[in-house]
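Guided by the hints, dock chain B onto chain A, whose structure is given.
Keeping their order, the protein sequence lines are chains A and B. Per the working numbering: the first sequence = residues 1 to 157. Per the working numbering: the second sequence = residues 1 to 577.
Each hint should be verified, as a subset may be incorrect.
Subject to a maximum C-alpha distance of 30 Å in a straight line, what follows is the list of computed DSS-like cross-link-like pairs (lysine-lysine) [unchecked claim]:
(1) B:Lys124 x B:Lys338
(2) A:Lys27 x A:Lys151
(3) B:Lys125 x A:Lys15
(4) A:Lys126 x A:Lys139
(5) B:Lys98 x A:Lys126
(6) A:Lys105 x B:Lys416
(7) B:Lys98 x B:Lys9
(8) A:Lys27 x B:Lys422
(9) B:Lys81 x B:Lys125
(10) B:Lys81 x B:Lys124
(11) B:Lys416 x A:Lys139
(12) B:Lys468 x B:Lys482
(13) B:Lys416 x A:Lys27
(14) B:Lys168 x B:Lys125
(15) A:Lys15 x B:Lys416
(16) A:Lys126 x B:Lys416
(17) B:Lys468 x B:Lys356
(18) A:Lys139 x A:Lys151
(19) B:Lys422 x A:Lys105
Rather than coming from a laboratory, the hints here were simulated on the basis of the structure.
Below are the chains, spelled out letter by letter.
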Amino acid sequence: MIATDQEPGTLILFKLDDFVFALDAMKVERVVRAVEITPLPNLPAGGRGVIRVAGEAVPAFDLRVRLGLPLRDVRSSFHFIIARCAGRRVALIVDFVRDVVQAAKAAIILTEAVLPGLTTVEGWVKINGELIMIHDLGKSLSPDELLALEKAMETEP
Amino acid sequence: MRNWSITFKLFCLVAIAILTFVFLGLYGIYNVRSTFRGVSEVNTTAQDFQRTASEISDPLHRARELVLSIVMAPDRATREKLNLMQEQTSRHLDTAIKGWPTDRMDAAERAAFEKLRTVWADYKKLKEFTVDRALNGYREEAFINANGVGARQFENVNAELERWQNFKVSTAQAVYREADSRFTWVVRTSILVTVLTALLVGSIAGFIVRSITGPVRVLTATASRIAERVDDPEAEKALAPFSATRDEFGQLARGFWRMVSTLRTTLQNEVQAHARMDEILNSTRAAVGQLASTSAQLMASTKEQAHGAGKQVDAVTRVVTTVEEVTGTARHAATRAKSVGQTVLHTVEIGNAGRKAADDSVTALNDVRQRVEVTSRNMMELIKQTKAISGIIATVDDIAQQSHVLAVNAAIEAAKAREAGKEFTVIAREIRAMAEQSREGTAQVRQILGQILTASGAAVLSMEEVIKGVSDAIREGDQSSKAINELTVALAEVAETSVQTSVAAEQEAVGMTQIGEAMRNIDLVAKDALLAIQGTAHAARQLESLGGQLRRLSADGENGHATGDGASLAETGSPKP
Numbered sequence: 001m002i003a004t005d006q007e008p009g010t011l012i013l014f015k016l017d018d019f020v021f022a023l024d025a026m027k028v029e030r031v032v033r034a035v036e037i038t039p040l041p042n043l044p045a046g047g048r049g050v051i052r053v054a055g056e057a058v059p060a061f062d063l064r065v066r067l068g069l070p071l072r073d074v075r076s077s078f079h080f081i082i083a084r085c086a087g088r089r090v091a092l093i094v095d096f097v098r099d100v101v102q103a104a105k106a107a108i109i110l111t112e113a114v115l116p117g118l119t120t121v122e123g124w125v126k127i128n129g130e131l132i133m134i135h136d137l138g139k140s141l142s143p144d145e146l147l148a149l150e151k152a153m154e155t156e157p
Numbered sequence: 001m002r003n004w005s006i007t008f009k010l011f012c013l014v015a016i017a018i019l020t021f022v023f024l025g026l027y028g029i030y031n032v033r034s035t036f037r038g039v040s041e042v043n044t045t046a047q048d049f050q051r052t053a054s055e056i057s058d059p060l061h062r063a064r065e066l067v068l069s070i071v072m073a074p075d076r077a078t079r080e081k082l083n084l085m086q087e088q089t090s091r092h093l094d095t096a097i098k099g100w101p102t103d104r105m106d107a108a109e110r111a112a113f114e115k116l117r118t119v120w121a122d123y124k125k126l127k128e129f130t131v132d133r134a135l136n137g138y139r140e141e142a143f144i145n146a147n148g149v150g151a152r153q154f155e156n157v158n159a160e161l162e163r164w165q166n167f168k169v170s171t172a173q174a175v176y177r178e179a180d181s182r183f184t185w186v187v188r189t190s191i192l193v194t195v196l197t198a199l200l201v202g203s204i205a206g207f208i209v210r211s212i213t214g215p216v217r218v219l220t221a222t223a224s225r226i227a228e229r230v231d232d233p234e235a236e237k238a239l240a241p242f243s244a245t246r247d248e249f250g251q252l253a254r255g256f257w258r259m260v261s262t263l264r265t266t267l268q269n270e271v272q273a274h275a276r277m278d279e280i281l282n283s284t285r286a287a288v289g290q291l292a293s294t295s296a297q298l299m300a301s302t303k304e305q306a307h308g309a310g311k312q313v314d315a316v317t318r319v320v321t322t323v324e325e326v327t328g329t330a331r332h333a334a335t336r337a338k339s340v341g342q343t344v345l346h347t348v349e350i351g352n353a354g355r356k357a358a359d360d361s362v363t364a365l366n367d368v369r370q371r372v373e374v375t376s377r378n379m380m381e382l383i384k385q386t387k388a389i390s391g392i393i394a395t396v397d398d399i400a401q402q403s404h405v406l407a408v409n410a411a412i413e414a415a416k417a418r419e420a421g422k423e424f425t426v427i428a429r430e431i432r433a434m435a436e437q438s439r440e441g442t443a444q445v446r447q448i449l450g451q452i453l454t455a456s457g458a459a460v461l462s463m464e465e466v467i468k469g470v471s472d473a474i475r476e477g478d479q480s481s482k483a484i485n486e487l488t489v490a491l492a493e494v495a496e497t498s499v500q501t502s503v504a505a506e507q508e509a510v511g512m513t514q515i516g517e518a519m520r521n522i523d524l525v526a527k528d529a530l531l532a533i534q535g536t537a538h539a540a541r542q543l544e545s546l547g548g549q550l551r552r553l554s555a556d557g558e559n560g561h562a563t564g565d566g567a568s569l570a571e572t573g574s575p576k577p
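Just chain A, same shape as in the assembly:
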């Protein structure tokens, strides 16, 4: 749930190529600039490897793979969004984190009301005339994938 009817929700806007997506700010810990990624085998689809955040190993996922966009190499200008997903920290690789905005509950259209069954999309929001897709982090990894992620992370030293 993004926000209650009374108070506005906070969204983080980020860019992938020319598209702008949004993520619920409550699930995000912080944003860091691109760092070195250590490759790790047997990660679920989109997993690029692990990064070190305050001494802890965090799996890094390429959102392009999860959203079906053309793949690109990671650049130094890219941003990593450190977020919580199913009780674990993950890093999401995006082109650029643009802004943090407040959105009224009324402005958000939930997917359940339009197309129930979509896994990666939580809803849409219109900000300053721009229609933005809100990415659902909790649903984007299936239980099998979460299991695979746990197994892969155990092999990490």
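Structure of chain B alone, referenced to chain A:
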């Protein structure tokens, strides 16, 4: 036949022609007659057949119809009347059948005719019985009789009549066939006989005509041979066979031969007289010949002399012309040499000025090269400094990005703190706006620096090209200065030489003028000599024409006496012109 006269031969020819006409005429008449006989036989047969139809077949049917009419007639008066007609027809028919000539029939036809007579007699009896019954009122009996027995018997009569007529038809066809084949035979034999007669008569006539024209041809050939050559021995041989015969050609050949003998005697007398005349003319001809050859020699030598003198005059004239041309050329050369000298001196001055200009331009170019090199070094320094600024800008950009991330994280923390972090949200947004501004600023600076670098690089490159071009120009300027110097020295030498040439040409012109004067004097003398020689040649020509007149006179005399040998005399006796 050789001794027959021509009249007799012609008579024979005409007689044969008449006999042939008579024979062919008689033969034609015979053929026409035989053809007509066949036609008349056919005609007779046809008439015979027609008679059977009109005298037997037609009355028979008429009688039958009348009998049937009597049987069917309603009253007695009509029956009586019809019976009279029937009896009359029957009588005619009876007479015709009884009186029909049988002498020309063959056995089979006669048998058929006898059968017809028999059945007719039977039918007549039946018919009379029927009519009798009808007339006496027994009409039913008559009707039955007429349509039963009577009808069958009538059919018999009719069948017999038809058989007999068929004999007639076949006889007529046989007669026609015979007549037709006879006519074909007549046509074929007529053609054959005519062709054979024409061939026979033609060959006899050709033989007779040949015997007349043969001697004529031989006589004509002999006459033309004698016309070409009077004493031809072959002519006598050719005439020999005719001379012996007694016909008109023999007489003609003998007369012709007498004429030829007379002609030969006359010709021999003429030849003797001609020989005497020749002797007299020969001596005259020798004298004239000597005169003519002497005058011709004189004429020839004079001509040669005149020709020589003419050539001499020509040669002298040509020498004078040449000397004048050489004089003119020498004067022209002197003038040209003088003008060349002046031009060369002028050129030397121009060359000196050119060398000075080339030296000056080399100095100026050296100066330009030094200045450009200094500018180029300054530009390189500028590029280095621009690159250093780029490094600083990168650092500023990094700091701006860092600030952006920091502002985002601050906003996230503020959102989590909800009400407590509301103030902080505003600050975070301001930091983020500042970071954005500095990022945009660095982007602009970086773009400008890029443009400066591109422009400076291009300037350095073009300056290097300028330095290279100037160095080439300096080298070429040095070379042209040297070349102009060498040219000036060479031209000074040419000027000296042309002055000397001018003086020499002047002297040559003076000498040539003197030679020209001398040659003109020689020319006058040679022309006088030529006039004298032409006078001599005129005298020689008069002498030669005199000789020619004499020669013609002697030739005329010869022609007057002997026409036969005149041409050959003129050829051998005349001197060469």
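Inset, instruction - Just pull the numbers of the violated hints for me, sorted ascending. - result: 1, 3, 5, 7
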